[in-house]
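**Student:** Sequence:
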Amino acid sequence: MIYELRVYTAMPGRLPDVLARFRDHTVGIWNRMGIRQLGYWTTAIGPDSNALTYMLVWESLADREVKWGKFVVDPEWVEVRKASEAAGPIVANMDSSFLAPTSFSPAK
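Converting from the sequence shown to this note's numbering requires adding 352 to each position, the first position being numbered 1.
For the record, the hints were derived by calculation from the structure and aren't laboratory data.
Treat the hints with care, as some may be off.
[Unchecked claim] The calculated BS3-like cross-link candidates involving lysine-lysine, where the alpha carbons are at most 25 Å apart (straight line), are: (1) K460 with K434; (2) K434 with K422; (3) K419 with K434.
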């Protein structure tokens, strides 16, 4: 398993729009496409209070490449992204890390 940790820093004042896009659209598209989501978090205490952090789980990097490649060109996603950014970008920065479990990790 490969775990992908992604952090979306929202444009000032736009975190509610990022959360709405995920809640109302992205999650459903990913469910339809078989993209496994482990969880979504906002920062309760800490420096990233304007960010959405989430984790995806992939069978392999090849699995990720195939599914992500289909996602970014999916007509529903293309339209949702365009509509959600009609008043300007909602994401200022995105960081992605691919994590491999240690031998002693409960998550494998």
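**Student:** Are the Cα atoms of K460 and K434 separated by 25 Å or less?
**Tutor:** Measuring from Cα to Cα gives roughly 36 Å; hence the hint is violated.
**Student:** Between K434 and K422, is the straight-line Cα distance small enough, at 25 Å or below?
**Tutor:** 17 Å, holds
**Student:** Hint check: K419 vs K434, CA-CA at most 25 Å. Holds or violated?
**Tutor:** The given pair, whose Cα atoms are some 20 Å apart, holds under the 25 Å limit.
In terms of the numbered hints stated before, the structure departs from hint 1 and from no other.
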